[in-house]
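Asker: Just so you know, the protein sequences line up as chains A and B, in that order.
Residues in the first sequence are numbered consecutively from 9, following my numbering.
Residues in the second sequence are numbered consecutively from 9, following my numbering.
These aren't lab readings, by the way, just hints derived from the structure by calculation.
All of these numbers come straight from a predicted model, not from anything done at the bench.
Treat the hints with care, since some could be wrong.
Treat identical chains as interchangeable: a pair holds within one or across any two.
[Stated by the list, open to error] No more than 25 Å apart at the CA atoms, straight line, and that leaves these computed lysine-lysine pairs for BS3-like:
| no. | residue 1 | residue 2 |
| --- | --- | --- |
| 1 | 225 | 162 |
| 2 | 162 | 61 |
| 3 | 225 | 61 |
Number of protein chains: 2
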Amino acid sequence: MSSPEPVRFHFDYLSPYAYLAWQALPEIAARHGREVVAVPTLFAALLGAAGTKGPAEIPAKRVYVFKDAMRSAHALGVPFAPPPAHPFNPLLALRVSSLDLDEAVRARVVSRLFAATWGGGAGVDGEATVRALLDELGLDGAAMVREASSDATKARLRAATDAAIAAGAFGVPTMFVDGELFWGLDSLRHVDARLAGRDPIDDVDLSRWAHTPATAKRRGS
Amino acid sequence: MSSPEPVRFHFDYLSPYAYLAWQALPEIAARHGREVVAVPTLFAALLGAAGTKGPAEIPAKRVYVFKDAMRSAHALGVPFAPPPAHPFNPLLALRVSSLDLDEAVRARVVSRLFAATWGGGAGVDGEATVRALLDELGLDGAAMVREASSDATKARLRAATDAAIAAGAFGVPTMFVDGELFWGLDSLRHVDARLAGRDPIDDVDLSRWAHTPATAKRRGS
Numbered sequence: 009m010s011s012p013e014p015v016r017f018h019f020d021y022l023s024p025y026a027y028l029a030w031q032a033l034p035e036i037a038a039r040h041g042r043e044v045v046a047v048p049t050l051f052a053a054l055l056g057a058a059g060t061k062g063p064a065e066i067p068a069k070r071v072y073v074f075k076d077a078m079r080s081a082h083a084l085g086v087p088f089a090p091p092p093a094h095p096f097n098p099l100l101a102l103r104v105s106s107l108d109l110d111e112a113v114r115a116r117v118v119s120r121l122f123a124a125t126w127g128g129g130a131g132v133d134g135e136a137t138v139r140a141l142l143d144e145l146g147l148d149g150a151a152m153v154r155e156a157s158s159d160a161t162k163a164r165l166r167a168a169t170d171a172a173i174a175a176g177a178f179g180v181p182t183m184f185v186d187g188e189l190f191w192g193l194d195s196l197r198h199v200d201a202r203l204a205g206r207d208p209i210d211d212v213d214l215s216r217w218a219h220t221p222a223t224a225k226r227r228g229s
Numbered sequence: 009m010s011s012p013e014p015v016r017f018h019f020d021y022l023s024p025y026a027y028l029a030w031q032a033l034p035e036i037a038a039r040h041g042r043e044v045v046a047v048p049t050l051f052a053a054l055l056g057a058a059g060t061k062g063p064a065e066i067p068a069k070r071v072y073v074f075k076d077a078m079r080s081a082h083a084l085g086v087p088f089a090p091p092p093a094h095p096f097n098p099l100l101a102l103r104v105s106s107l108d109l110d111e112a113v114r115a116r117v118v119s120r121l122f123a124a125t126w127g128g129g130a131g132v133d134g135e136a137t138v139r140a141l142l143d144e145l146g147l148d149g150a151a152m153v154r155e156a157s158s159d160a161t162k163a164r165l166r167a168a169t170d171a172a173i174a175a176g177a178f179g180v181p182t183m184f185v186d187g188e189l190f191w192g193l194d195s196l197r198h199v200d201a202r203l204a205g206r207d208p209i210d211d212v213d214l215s216r217w218a219h220t221p222a223t224a225k226r227r228g229s
């Protein structure tokens, strides 16, 4: 018998909700006999494809989201603090996380870089910072940072992002459970229900929704 | 001793999450000795002020949000089905809900119009539909629909919307608990904690976040 498909976790270090979901998802998946595969994904490219703004780009929302994430972190019992800078350039951190690694090693890298970003660390902005974090894990930080800038690594991150967009992703974190898309920290309870075979989706109403006509349109939209 | 301040619930009939929050919020508030005051608010104006898109304006997100709302409705144990049209023009429904009414009457009107929209009803699009729903409540639907188009009523809805924007609202549902903003169905557990005096907001980290510098900016943003 083949192993069940892993849950695919699309994330960007920019997102506090991705950090929080990463703390909780592996345990939920494990309860249902599933692994989690972390897939670095460019949040900016998802926003660009959807033609919308990220929460940190709307001033009132930026403040709120941090409070909301802080409240959720408290509920989950995990450390949470703002990174030294935000938004920052996540490319190097995403690229080292996109290298051709054993998935267990990738998970340790992702956990370490997320902790450095949202768990009270020094951020993941800059080569020296990222290299030191990888070295702390017993990995060859210098080699990994060098490899991160190869065309193959850049292409791998871009391909994962394009695949996420093609599969319907519009934000992070996005989880795919056997091809079904879930978005956001607050969807974890629905992921749990899906993995347990208790997803209450009503295909009749869903099909009606897909064919619901619009009778109004916002000006300028 | 004066009564505690009611929880202010800003909503638009366009939002399935506002419908769901309206099913759950009064009971949460009541547990803490609070009333809920429903404040009709133009979602389109909030989006315009934030310069962003609504979920129904991003095709992949539109499908997802309906599924997510369906899952949440199931968890809450409340009926949920797509309205006959979406987006629809919510102005008349919002305006009759903005009339100078006793708050208990307003709550019944809001419940009835929400049920007609997301609870399997015939929608709230059109004068005849709205009038009939009000008549069913034993109200004078014809007079209310007439009064809804008065300049005073239009101004009241606009003023409530402007006040919400000024207070930091960027979407619906938005709840204000003693001036503190909460957004979205998933924030109800945080509303509950706040009302119980257990809001874990860390003012030190929040202040750091307010002063966190940006070291990157998305192209075109």
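Asker: The structure should be examined with respect to each hint, and the outcome stated for every one.
Answerer: We went through each hint and held it up to the structure:
For a Cα distance limit of 25 Å, the shortest separation of residue 225 from residue 162 across copies, 20 Å, qualifies, whereas the shortest one inside one copy, 39 Å, does not. Taking the shortest alpha-carbon separations for residue 162 and residue 61, only the intra-copy value of 24 Å comes in at or below 25 Å, while the best inter-copy value is 30 Å. Taking the shortest Cα distances, residue 225 and residue 61 sit within 25 Å of each other both inside one copy (19 Å) and across copies (12 Å).
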